[in-house]
Amino acid sequence: MSDGVPTLSVRDLRTHFLTKAGAVKAVDGVSFDVAKGRILGLVGESGSGKSVTGFSIIGLVDPPGRVVGGEIRYNGANLLDLDDEAMRDLRGNRVAMIFQDPMMTLNPVLRIDTQMVETVLAHHEVDKATALARARDALGRVGIPSPEERLHAYPHQFSGGMRQRVAIAIALLNEPDLIIADEPTTALDVTIQGQILFEAQKLCRETGTAMIWITHDLAVVAGLADEICVMYAGRIVEKGTVDEVLDRPIHPYTHGLIGSVPSHNSRGRRLTQIPGMTPSLLNLPPGCAFRERCPRADEACLAEPEIAEAAAGREVRCFHPHLEAGA
Amino acid sequence: MTAEVQERLVLDDVPPSLARVETPFRRFVSDFTDSRIATGAFICFLVIAAIAVFAPWLAPTDPYDLAQVSVLDSNLPPFSENFEGVTFWLGTDGAGRDLLSAIIYGLRISLGVGVSSGLIAMAIGCAVGLTAAYAGGRTDSVIMRIVDIQLSFPAILVALILLAILGKGVDKILIALVTVQWAYYARTVRASALVERSKEYVEAATCLALGHRRIVFRHILPNCLPPMIVVVTLQTAHAISLEATLSFLGVGLPTTEPSLGLLIANGFEYMLSHKYWISIFPGVALLVTIITINLVGDQLRDVLNPRLQK
Amino acid sequence: MQSSLVVLVMSLLVFIGVNIVGNPVDMLINPEADQEEIDRVISDLGLDRPVHEQYGYFVFNALKGDLGKSFIYGEPALKLIVQHIPATLELAVAALLMAIVFGIPLGVYAGLKPDSKTAKTIMATSILGFSLPTFWVGIMMIMVFAVQLGVLPSTGRGDTVDVLGVPMSFLTLDGLSHLFLPALNLSLFKISLVIRLSRAGTREIVHMDYIKFARAKGLRQGRIVMVHLMKNIMIPVVTVLGLEFGGLVAFSTVTETVFAWPGMGKLIIDSIHNLDRPVVVAYLMIVVLLFVTINLVVDVLYSVLDPRVRLQDQKS
Chain U
1 MSDGVPTLSV
11 RDLRTHFLTK
21 AGAVKAVDGV
31 SFDVAKGRIL
41 GLVGESGSGK
51 SVTGFSIIGL
61 VDPPGRVVGG
71 EIRYNGANLL
81 DLDDEAMRDL
91 RGNRVAMIFQ
101 DPMMTLNPVL
111 RIDTQMVETV
121 LAHHEVDKAT
131 ALARARDALG
141 RVGIPSPEER
151 LHAYPHQFSG
161 GMRQRVAIAI
171 ALLNEPDLII
181 ADEPTTALDV
191 TIQGQILFEA
201 QKLCRETGTA
211 MIWITHDLAV
221 VAGLADEICV
231 MYAGRIVEKG
241 TVDEVLDRPI
251 HPYTHGLIGS
261 VPSHNSRGRR
271 LTQIPGMTPS
281 LLNLPPGCAF
291 RERCPRADEA
301 CLAEPEIAEA
311 AAGREVRCFH
321 PHLEAGA
Chain B
328 MTAEVQERLV
338 LDDVPPSLAR
348 VETPFRRFVS
358 DFTDSRIATG
368 AFICFLVIAA
378 IAVFAPWLAP
388 TDPYDLAQVS
398 VLDSNLPPFS
408 ENFEGVTFWL
418 GTDGAGRDLL
428 SAIIYGLRIS
438 LGVGVSSGLI
448 AMAIGCAVGL
458 TAAYAGGRTD
468 SVIMRIVDIQ
478 LSFPAILVAL
488 ILLAILGKGV
498 DKILIALVTV
508 QWAYYARTVR
518 ASALVERSKE
528 YVEAATCLAL
538 GHRRIVFRHI
548 LPNCLPPMIV
558 VVTLQTAHAI
568 SLEATLSFLG
578 VGLPTTEPSL
588 GLLIANGFEY
598 MLSHKYWISI
608 FPGVALLVTI
618 ITINLVGDQL
628 RDVLNPRLQK
Chain G
638 MQSSLVVLVM
648 SLLVFIGVNI
658 VGNPVDMLIN
668 PEADQEEIDR
678 VISDLGLDRP
688 VHEQYGYFVF
698 NALKGDLGKS
708 FIYGEPALKL
718 IVQHIPATLE
728 LAVAALLMAI
738 VFGIPLGVYA
748 GLKPDSKTAK
758 TIMATSILGF
768 SLPTFWVGIM
778 MIMVFAVQLG
788 VLPSTGRGDT
798 VDVLGVPMSF
808 LTLDGLSHLF
818 LPALNLSLFK
828 ISLVIRLSRA
838 GTREIVHMDY
848 IKFARAKGLR
858 QGRIVMVHLM
868 KNIMIPVVTV
878 LGLEFGGLVA
888 FSTVTETVFA
898 WPGMGKLIID
908 SIHNLDRPVV
918 VAYLMIVVLL
928 FVTINLVVDV
938 LYSVLDPRVR
948 LQDQKS
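Protein chains in written order, with our numbering: chain U, 1 to 327; chain B, 328 to 637; chain G, 638 to 953.
No false leads were slipped in.
Calculated lysine to any residue pairs in the SDA-like style (CA-CA distance at most 25 Å, straight line):
id, chain 1, residue 1, chain 2, residue 2
1, G, Lys849, U, Pro108
2, G, Lys750, G, Phe739
3, G, Lys849, U, Ile144
4, G, Lys750, U, Val68
5, G, Lys849, U, Met104
6, G, Lys849, U, Pro63
Hints listed in this document are in silico derivations from the structure and should not be mistaken for laboratory results.
Start from the sequences, fold in the hints, and give me the full structure.
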């Protein structure tokens, strides 16, 4: 991959929710790197801990959740050591985030210009006119027509796709090094989704911004990401480049995930499905978390598998990986 | 997993408490007593109600029997004795009446007026609300428009207007309190009756060609009861407070029927000369009554609100 | 449209109240007047004519601003009411301000830290504020601050300064000290209401995505609370408070009586006691008008605050 220090390097991140019923290990020992200008797809079912990973990075895990261990190195410095003010200044400035539902992310009672200008002013000592110019510029970059006029509009005057563009424009305002996108296209129409994906990819290539794209939709990451991390029950079960993972999945879970996507090639054949449900993260039994649903599980899986290199550039957390012979 | 195993799992998941036969009433009681404060308030309310009902037997003296009252005893502080050795635990008022007795009798009037106005208003409100919900259409919109307009005026203003026109008296204040309250009941009943009316069992009853009366009284009305119980408790507290306020303003009950509000008003003029007890003790009795009813009402709301259950 | 209907209906009700339920001669004519005077007034007021004509006459006179003369003061009832309006408005506005100044910060705090001891104390106090009768709290205030401690006066308006020919208390220190207790007493219920509203609003809004997004933008906590949160809370609070302003005027009858505040609330109670019926009728008509106006103003304010409503108006 690219040389030098990665933009973001997460090591053994553990985020737990300390509830009355016990600790819910939403993220339990997650590690990955994102290099400059690269897009990492973080894939998993709902409840797999992918969103919590994103929020852990920018330090916005809501109580009772708490990052209880690990390292989040941004350009080499551990974010967990920063104080609140330093962390605040990092958010929306060096590391930006885009949320899932564009209908909910913009404050309905504030005009777009207010919501954009404040983002600039929170981090830079510039006058309002400069901030406004930047806002206009950012709106133009995400493909919003006549940005000058649209600045004075309220969120409800935009369509869903346009709102998400505004949210992306806000994320771009301070030219961040890293953007965390939490399922930003899930709530949009397919055609709009395509446009947004295209814009996102273009921006990363042009500006060298690193990006983490969180999604449950394999089709989205297939065309967008460079690398993929598949998460299951708070852990990464498989990691690799997008082509490797999608074409030759090693972990039974990834295998099942890909098998359950209907595609042109699978017409007429029965879709495979993964039996059962995501396990409760509260009191997760020891051993492999996927054991109960796994077609290959045996006694060995009662022990906990470690993530290990299975092939060149491929890491997997499984005792029975689907290697070339088995697949 | 086979179907058999899944079925067994489902059965095992049933908590043991559901296995026992549990009547709605029993569950209601156990939910209600979950809150110790509310249980205490309920017991406290029962005591207050008992005092009000048995006032003539509980009060040390009859404060309105002129033979038992002497002006010589007026304005005595609490715990004082008069020449005949009678102790006035809470002191006496300006006319020499024993304050404790006056409060007990006052409680009887306050509670009586509050509760009966609440019940009458409930009866009227239920009838109107059910009619609106069941008839629907124009009848419904006319009735609800009247309810809305009435509710947009503060209760005290409406009561004041009525009493200004009608004059003083127990019957008059009852009319005023009922007028102020009926709209709340009508709105509550209509809302829950509309919900019930659209449910399948009412449709089923209609298909069975049951009479309107039977559908309304046997099917819809019982299902509207839970929210009604909540409204009736909270409104009763409100009615007692409003009656006290009106009597304090001198437009409510006549001096021959001294409720707690009137007792407080009588004591108010003495307060500036540091004779605090004449106003304070009736006030405390009033507060305790209102707060206990409110606490019971709040807990009832939590227990009976279907949205909060589970 | 609906407002004018309400005024019409209320005028009809007041008319019925005065003319049908009670004897209009008793109601509108000084009981001490002699027979000749009575006859003269009866024909003046058209009381010898059929009922529908009488109602027309009543409305006609009311529109001219003629609602009869006070028996006690011998002045036109309407003029008397209008003279007493400023004192009541001063009290009501002061109470409204107190409700905002105390209620919103306390409510927002309780909403932001719902589990803290302070929040629980705030909420318990607000429950008391709801259930305690206003007049009793007023009496207690007088007893504590005026009688026992002697720090604040208990009655009257104190020194006043004329503003545009209208005496006002809030411009002098003495006037302010007279205003404080009654205004606080009147606003106690509203403070509790605002606390509840803003707490509920805060708790709902802090979990909104746009608040989290605001944090993700790196905004300072102060800005998030003061702008993003506050602006959303203000909409329900202002709406409800606006609607409650009429309630303040109505409840000022109680507070004004307790604190002997010379506003129209005290005037109406005195008039009821003195059987000064023209004043009572005039008060009712004025208050109904006031309510209708308030509802209109709140509608307008609401659309100013909430851009979504504003847009709908443009479309329709």
